[in-house]
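Let's have the full structure, built from the sequences with the hints guiding it.
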Amino acid sequence: MRDLLSVDDLDRAAIDDLLDLGDDFVEVLGRDVPKVPALRGKTVGLMFYEPSTRTRLSFDRAAKALSADVLTFTPGGSSVSKGESLKDTALTLKAMGPHLMVVRHKATGAPWRVRDWTGLPVVNAGDGAHQHPTQALLDLLTLRRHFGKVDGLRVAIVGDIRHSRVARSLAGSLHTMGASVTLVAPSTLLPIDVDSWEVDSAAGIDEVLGEVDVVYLLRIQTERGGGEVFPSVAEYVSRFGLTRRRADQLPADTVVMHPGPMNRGVEIDPQVADGPRALVTDQVSNGIAVRMAVLFRLLTSEVPE
Amino acid sequence: MRYLITGGSVLTGAGIHQLDVEIIDGSVSRLEPGIQQDGHEVTEAAGKWVGPGFFDLHTHLREPGQEWKEDIASGMAAAIAGGYTTVVAMPNTDPVIDAGHLARQIARTEPIRVIPSGAISLGQQGRQLAHLDDLWAAGVRIFTDDGHTVADAGLLRRAMEYIAQLGGLVAQHAEDPGLCRDGHMHEGSVSSRLGITGLPSAGEEVIIARDLRLVELTGCRYHIQHVSTAGSVELVRSAKRAGLPVTAEVTPHHLMLDHREVESMDPVFKMYPPLRSPDDVAALREALRDGTIDAVATDHAPHAAFEKDVTFEEAPRGVVGLETAGSIVHAAVGLDQAAFFERMAIAPAAVLDKSSGPIAIGTTDVIVFDPGAEWAYERPRSKSANSPWLGQTLRGAVTEVFTRSGLVSAIEEGVQ
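So the sequences go chain by chain: V and B. In this note's numbering, each number is its position in the first sequence, counted from 1, plus 188. In this note's numbering, each number is its position in the second sequence, counted from 1, plus 2.
It should be emphasised that the hints constitute simulated quantities derived from the structure, not laboratory data. Possibly wrong hints are sitting among the right ones.
Covered stretches of chain V, going by a simulated chain B footprint (3 or more residues, C-beta under 8 angstroms) [stated by the list, open to error]:
no.: 1; segment: 276-286
no.: 2; segment: 298-312
no.: 3; segment: 315-327
C-beta: ideal position from N, C-alpha, C; glycine also.
If you want it as structure tokens, here you go:
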């Protein structure tokens, strides 16, 4: 493995390997001194073209827990505001000597372009509405640690799937791992040509409550109060929100996940978000471990020491 | 200069015949077998097709205002390399060609013809009419806001009424702004996987369907630019059956490629209308064969390398096409010689009432096309190289181009 750009590049064995390694790093992160020297002397470049707190911090923490150095680039106050192109920025950052680049960008395919321009290994930390493979891996790790396996799990993904890189990565990798996926959203937020995805779909959350192991909620953009893609936030909640009443109807073992940041009271009830079913904080901590696994695999297979 | 094209398969008014063609002072002076060589510059054309120069209804020459992409001189050089002896320059330059003095600056007659088109609306802003009378007086006969769609049906109706009275042609780039907002590629299974917002086929078809009603209302001649969907083909077919004054064009890239190319996320495959589904490609080929679509038009849209060296969504739209159109259409559709020149030269000229036709005494624009020749597309004459076929070996080559100016191009050793 040279890059991690899309979950489509990972077969079941490759995912299992990264999750096994992720388990090892969960153990490392639980030690008194949560740090190993595995990547001492390596430098990880972080190019984050979109506002991102948790993903950038998570990669930063993962790199440092492996004793790598970190070069961080964010566009605020940089040459990007002076019109510098993505290519020039990538080449500038490359000239500072990183061994690998982590790229987050609003446009589909940006990490592929950075790989082609720089020749460096690249980890996709989210490109447009396309892919976010480390998010999918951290979700798989969280599921595997909770249920002991992913194969056979029934997962409902609820929310703005059409514009979600999380949904694309997660649905694809869950399929690879043998889980079944149901997409739950208003038709304006389901993927175009949903029949070409290897999933089922449902027109309301009530249809799936009794028969899922995992309810995976996506953030709903409420900045404009819906309006363009659904009539109002209240109407969205009435058909798709995970309210307390609905959470009470879930089977006892069903868990609730969310990639964050959450809109409490919109896609998820505040008490459900803090309740015993919620694995949200596990997702965050497993995210560091799985990113350590990815960085370790990419940076140690390249130059054996 | 005296030229002689010998032994070629010549498209004449009486069909295809093996004849020699003598060209003196820029026009055909004799057309018969076995012309005696007498100081001629001779082109051996055995096994090659001789026919009228290609006519492009849709070329972006980028002058004035964007000369780093292309200018009239480099665009004409690219046209000649591809066998084009007439190109229609689109008006979306900077400034927009919305008045007569601007159109006059673009027109050329040597070594090939450049025919300016004019905007329908001032500045292509879609709000008020361009200087239509002034453009008409400058010789403009085709009006379009190409690159943009005249979305306001009321404005388009008035433009059609006005232009119909002048005797001109309205050409539409059909893309509904609401349906296509934020779109970058064909809406379908590939856009769904890539998470890229799409332009649905319906975004083209609703504009064409609406405009055809306006053609009925106004009687204006209407030309549909770069038709790209099977549904659009059906609309054109039924409009022609109903006797409406409608013509249509298709690009070489829409005849050859489909949206699966975009899986590479390579900006060279970004253009509007976008590459559609394989079913659409099949429908376009069939429509070109049966004449539902009148003409091949390149939509030659040069962009500099640095402009395309970005992400797919950030890249400008368009591909160049002048230098490769003959090869690509020949490979994609497989027309016989008569149909090939009909769709590349004669029918597109007829859309604009320009003279073209089989080779006859007095014909000025003659090209030689070798359907079996392979050539490497490696050194574009255009200033830009944003082509899916750059660096590839293509089959079917324009080997000679004769215009009023004489022999203006000859292929060199399999490389153009």
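We went through each hint and held it up to the structure:
With 0 residues carrying a beta carbon less than 8 angstroms from a beta carbon of chain B, the segment 276-286 of chain V misses the three-residue requirement, and the given coverage is violated. Here's how the segment 298-312 of chain V fares: 3 of its residues keep a CB closer than 8 angstroms to some CB of chain B, so the rule of at least three is met and the hint holds. For the segment 315-327 of chain V, the assignment as covered by chain B holds, since 4 residues bring a beta-carbon within under 8 angstroms of that chain's beta-carbons and 3 suffice.
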